[in-house]
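Engineer: Hey, can you work out the whole structure from these sequences and the hints?
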Amino acid sequence: MTFVPSFDPSLFSGAPVATAPARAAATHRNAPGTLRVLGLPLVSASTGEVIDHLLQPGRRSRVAFLNAHCGNVMARDPDYADALATADMVLPDGIGVELAARMTGQRLAANLNGTDFTPALLAQAARRGLSVYLLGGRPGVADAAAETLCRRIPGLRIAGTRDGYDGLRDEAAAIAAIRAARPDILLVALGVPAQDLWLARNGARTGARITMGVGALFDFLAGRVRRAPAPIRRARCEWIWRLAMEPRRMARRYLIGNATFMARAAMHALSRRSRADWLQRGLDLLLSAGALTLLAPLALLLMLAIRLDSSGPVLFRQTRIGRDGRPFTMFKFRSMHTDAEARRAALLAQSDREGICFKSRHDPRVTRVGRLLRRFSIDELPQILNVLRGEMSIVGPRPALPEEVAAYPARALGRLRVNPGLTGIWQVSGRAEIGFDKMIDMDLAYAASRSLLLDLMLISMTCRAVIGGRGAY
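Each number in this note's numbering comes from the position in the sequence shown (counting from 1) with 181 added on.
Don't take each hint at face value.
[Said to hold, decoys possible] List of simulated lysine to aspartate or glutamate pairs, DMTMM-like, C-alpha gap at most 20 Å: (1) K513 with E561; (2) K513 with D490; (3) K619 with E585; (4) K513 with E584; (5) K513 with E585.
These are calculated hints, taken from the structure and not from any lab test.
Structural biologist: Spelled out as structure tokens, the structure:
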């Protein structure tokens, strides 16, 4: 059946995200990045990046989603676990999966839940003249969902619909009907785990380029289930809304299930960390929380001084590369004028330091207050927030810029095996006076021999380095 749309929708888009260095492994030249969460390679990319990848000509993909409920089912159903493991792409859905990633020191680029992601995919598919088939739901639900999609997405071609009851009693007939309709995209709404098991078994036989299990999407589109208001969705609390709307049906899934999932994620994170990791993380939390409390009055005075000295924000934010090549936003007190990044290229020839990393003793971009901040390394204090968030440690290699990492020789990538730090061997040994090759030697030695005792020694040496100011500019 074919529907004619009647009005223009608001289309979906995703902002591009910073990516890991070019040396990161990828199964396709344009493949989105992945992070391993609960043993599965979850996509870590924006909505737009994933859609562009899926819609590449000639590409065939079976797509699955992972949320807290899926994680619980996966733990007790080996067939479903296999269906997720063999999917071409697993997308992260919900705050639970995001927290599970953070427990292992990782940060997913976006929440790609099916209810928002699928209409965005279909909007782009319509622009390219592609068709979609809707399979599942109670009788009449897929038809109503198709009508809603056509009203919202101009030019969307519906290849056909089929319910998940009588329409699936004869599996062979259902597959034959889908093949005859020749859809580019097949959406299956049978619930977890049935939809992914069906697609793992039959997806390739349908002939569709993209097959995807979409859970309750048809019910939302058909108006049978009301979605949470936008503010609740932005707060990542849609599960609370679902629980309030259907307390008897959803209580077990959300109250017991969410707690079970978080416990399982915590145990998985514990199993991945070494003794050195846990000792370092404990020290990081203890020292950073104490420093944040003690230094809060000083931080307020510094913020005022920066504001009075030059125009622009108090904090400077910059993308740096962390452990295992993961990008993160590093915080510092702003010590330069706001056009510093634009002027950097013109100053590269004035670097006082050998190798890849740029440093200039008489950098004209530095403000008056900034020179004082840099002299005593006070500009680094906001990185305590990065330590609390698990993106940095108190002790570790200097956090590198993406363009620096992209130019690293293979040997230098070994310094990314540990978290970057506020202080470290390089920082207490002369900082900017140390050449690039010697810095790499120091960082590799630290990564190979780090321990709680070594971290404590380096922290104690940091005070002397800060007061002496050697290499600080």
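Engineer: Now, for every hint given, state plainly whether the structure supports it.
Structural biologist: A quick look at each hint next to the structure:
Distance restraint check for K513 and E561: the Cα-Cα separation of roughly 5 Å lies within the 20 Å cut-off, and the hinted pair is therefore satisfied. Between K513 and D490 the alpha-carbon distance is near 16 Å, which keeps this suggested pair within the 20 Å criterion. This hinted pair checks out: K619 and E585 have alpha carbons roughly 16 Å apart, not beyond 20 Å. Proposed proximity of K513 and E584 is supported: the alpha carbons are some 19 Å apart, at most 20 Å.
The suggested pairing of K513 with E585 holds, with an alpha-carbon distance near 19 Å, which does not exceed 20 Å.
Against the hints set out earlier in the document, no violation occurs for any number.
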